[in-house]
Amino acid sequence: MEVHMEKDKKVTALYCRLSKDDGSNSESLSIRTQKSMLMEYATRNGFGNCQYYVDDGYSGTNSDRPAFQELLDDIREGKVATVITKDQSRLGRNHIETGTYMEIFFPEHGVRYIAINDGYDSNEQSQMDIAPFRNIINEMYAKDTSRKIKSALRTRKKSGKYISSGAPFGYQKDPADHNHLVI
Numbered sequence: 098m099e100v101h102m103e104k105d106k107k108v109t110a111l112y113c114r115l116s117k118d119d120g121s122n123s124e125s126l127s128i129r130t131q132k133s134m135l136m137e138y139a140t141r142n143g144f145g146n147c148q149y150y151v152d153d154g155y156s157g158t159n160s161d162r163p164a165f166q167e168l169l170d171d172i173r174e175g176k177v178a179t180v181i182t183k184d185q186s187r188l189g190r191n192h193i194e195t196g197t198y199m200e201i202f203f204p205e206h207g208v209r210y211i212a213i214n215d216g217y218d219s220n221e222q223s224q225m226d227i228a229p230f231r232n233i234i235n236e237m238y239a240k241d242t243s244r245k246i247k248s249a250l251r252t253r254k255k256s257g258k259y260i261s262s263g264a265p266f267g268y269q270k271d272p273a274d275h276n277h278l279v280i
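Per my numbering: the sequence shown = residues 98 to 280.
In case anyone wonders, no lab produced these hints; they're calculated from the structure. Errors might be hidden in some of the hints.
[Said to hold, decoys possible] Pairs of lysine-lysine, DSSO-like flavour, derived with a Cα cap of 27 Å:
hint, residue 1, residue 2
1, Lys176, Lys132
2, Lys107, Lys176
3, Lys107, Lys132
4, Lys132, Lys106
5, Lys176, Lys270
6, Lys270, Lys258
Start from the sequences and build out the full structure, keeping to the hints where you can.
This is the structure in structure tokens:
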């Protein structure tokens with residue numbers, strides 16, 4: 098986590114999340130893009146003392162993410178003034194949990210929340226009405242994606258394709274077809 102922190106001043110939390118890694122061992126391209134977007138927004142709008150909280154490779158359907166938990170702890174300790182995300186789905190895809198953070202947890206701790214691409218700012222009362230619907234849509238998207246992946250895997254399995262990532266002992270994946278095992 099990169100920190101631009103001034104001593105004894107509340108931070109602007111720039112939270113980034115990506116569900117699955119882009120396949121490299123380094124930080125994913127989407128996370129770099131999110132970080133750039135968040136810092137540009139913060140700078141342009143006068144938010145200083147920025148600190149990144151990054152969960153690369155974690156699902157938004159579960160709030161048990163290391164950087165997100167660190168962010169919540171920092172909020173509880175009174176260290177955070179504002180949380181900024183690319184959009185509401187980066188905060189989470191469980192509409193009940195995300196709604197609880199946006200409508201109860203953040204306000205109880207005096208934290209402003211901004212979702213850039215959704216045009217959401219908790220300081221703007223007019224935008225509060227649509228936010229719960231976005232959270233429901235974000236959760237539905239995650240469930241729909243999961244169903245589609247499971248269906249595709251079932252179809253491949255039924256057609257005799259090997260779908261596991263590694264070959265069992267005594268076998269190896271066919272170099273010409275990774276969905277076929279050879280002895």
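Exercise for review: Could you tell me which of the hints above the structure violates, numbers in ascending order?
Suggested key: Failing hint: just 5.
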